[in-house]
Amino acid sequence: MKDFGFTVVKQRTIDYDQFDGRLLNEIIEKEPSFKVCLSCGGCTATCSAANLVSFNVRRISLLLRRGETTELESEIKKCMLCGKCMLVCPRGINLRNVIMLIKKNVQKHKTENS
Amino acid sequence: MKHIVIIGGGIAGIETASALTDAGHWVTVIEKEAELGGKLNKWSYLFPDYTPADKVKNDLLSKCREKDFSILSKTEVRTIQRTNGKFYVETSGEQKLEADAVVVATGYELFDARRKEEYGYKIYDHVVTSADLEQMLLPDGDLTVAEGKTPKRIAFVHCVGSRDEKSGNHYCSKVCCITGVKQAIELKKRLPEAEIYCFYMDLRMYGKHFEEIYREAQEKYDIQFIRGRLSEASEKIDKSLLIKAEDTLAGRPLKMNVDLLVLLVGMEAGKGTASAATTCGIGCESSGFLKTADSFLQSNFSEKEGVFLAGSCTAPMSVNDTIVHARSAAMEVNNWLKKQ
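Chains as they are written, first to last, in this note's numbering: chain A, 1 to 114; chain B, 1 to 340.
Same shape as in the complex, but just chain A (with noise of 0.2 Å):
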């Protein structure tokens, strides 16, 4: 096709009509702690990864709430799974485990819109 000049550009909305939550289920279902995140950051702040490349642990656990399959995939590879997020967590949450099970799971529930 001939080149204009112009692209498509992706839609930044988050569209939650869209939102496909099964990977979000399977996580809760096998690691329930993941249900009562505060989104306070501790675990971004004290991450090992994130102080040396562009990485939020923090983001993870929306990135998974939105449904961003794709995202996630990619990010999570930059966990070092040394585990200092879970012991700074106010509210306990197993998050070396949440990354575990995305890593397992997160092919089978790739899609097409995710």
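By construction, these hints were calculated from the structure, which means they are not laboratory data. Virtual Cβ for every residue (Gly too), placed ideally from N, Cα, C. Incorrect hints may have been included.
DSBU-like cross-link-like pairs, simulated, lysine-lysine; straight-line CA separation at most 35 Å [to be verified]:
| # | chain 1 | residue 1 | chain 2 | residue 2 |
| --- | --- | --- | --- | --- |
| 1 | B | 86 | B | 122 |
| 2 | B | 122 | A | 108 |
| 3 | B | 122 | B | 189 |
| 4 | A | 103 | B | 255 |
| 5 | A | 77 | B | 189 |
| 6 | A | 30 | B | 271 |
| 7 | A | 30 | B | 244 |
Partial list, derived from the structure: chain B residues whose beta carbon lies under 10 Å from chain A [what the hints assert, rightly or not]:
| # | residue |
| --- | --- |
| 8 | 92 |
| 9 | 197 |
| 10 | 242 |
| 11 | 252 |
| 12 | 253 |
Residues of chain A placed beyond 10 Å of chain B at every Cβ, according to the derived structure [to be verified]:
| # | residue |
| --- | --- |
| 13 | 8 |
| 14 | 14 |
| 15 | 15 |
| 16 | 49 |
| 17 | 53 |
| 18 | 75 |
| 19 | 78 |
| 20 | 80 |
Put chain B on the given structure of chain A with help from the hints.
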């Protein structure tokens, strides 16, 4: 025997009257409505433990029944004058009362959600306030939406008319956060299939058990909390509502379709409190609530001698805080009268 006039027969007025009667005084409560109980009459169940509001009101009233104080209902205060240490109170019912002290317990008004036009209250069918929802949550309340359908997705909007200078209210109404969480849980219990979202700016779980309820809402009832303030709601042809907000933690705009939108309306000082300030000649804060003589030791004193303050006419307050504030008002009045 000393005589005390209490303006307002809500829970603050009733509890102050009851405690002052116990202390051996003669008390007259002036209430503008036909019924005592004030805004508590609008509520069905109270945080943090879902106690029926009726029960709290009846317990307060039954304590009063054994006591002897007069109630002037459907009556408003017209003028108050103080001469030689005596207050002369004239009412809309032409009564003239002589009192040794006056307690202002005029309470609050709920924010009129129509003023936030962008949320569509009274314009769209399925936008309700937290006060409306209380009635819908009664056992015989109707929770269905268009065409008798059960709502599948419900959103709560926190801070409607609070922390909002555009509405003229810069302050926090304090109780809406926990009210929203309580109502979200109650809705989830009634409609287990529904998805429930709370749009908040901050969640202020200041009181006893509040944080635990918040946690329970997440853990047990799957209520989702999204940080961001709604910019607008618009009604679709099927009467569902498209809402827009920023997911501020993700830093991206967000839209979703909901079947029911609940506005957690805040508290305002209201006309009753404003007119009490005028008739008593006492000052208001910029929020419209009455000014207390100081913030710590004299929270029941107005700046005028002999005029005391009880309850949510001084600031947004929960039911339990109001009752405690009312009791302390009664104690201050009693101590002050002894010194006269």
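Checked hints:
no., hint, result
1, 86/B with 122/B, "violated (47 Å)"
2, 122/B with 108/A, "violated (45 Å)"
3, 122/B with 189/B, "holds (27 Å)"
4, 103/A with 255/B, "holds (28 Å)"
5, 77/A with 189/B, "violated (39 Å)"
6, 30/A with 271/B, "violated (54 Å)"
7, 30/A with 244/B, "holds (32 Å)"
8, 92, "violated (51 Å)"
9, 197, "holds (8 Å)"
10, 242, "holds (9 Å)"
11, 252, "holds (5 Å)"
12, 253, "holds (5 Å)"
13, 8, "holds (18 Å)"
14, 14, "violated (4 Å)"
15, 15, "violated (6 Å)"
16, 49, "holds (19 Å)"
17, 53, "holds (19 Å)"
18, 75, "holds (13 Å)"
19, 78, "holds (18 Å)"
20, 80, "holds (23 Å)"
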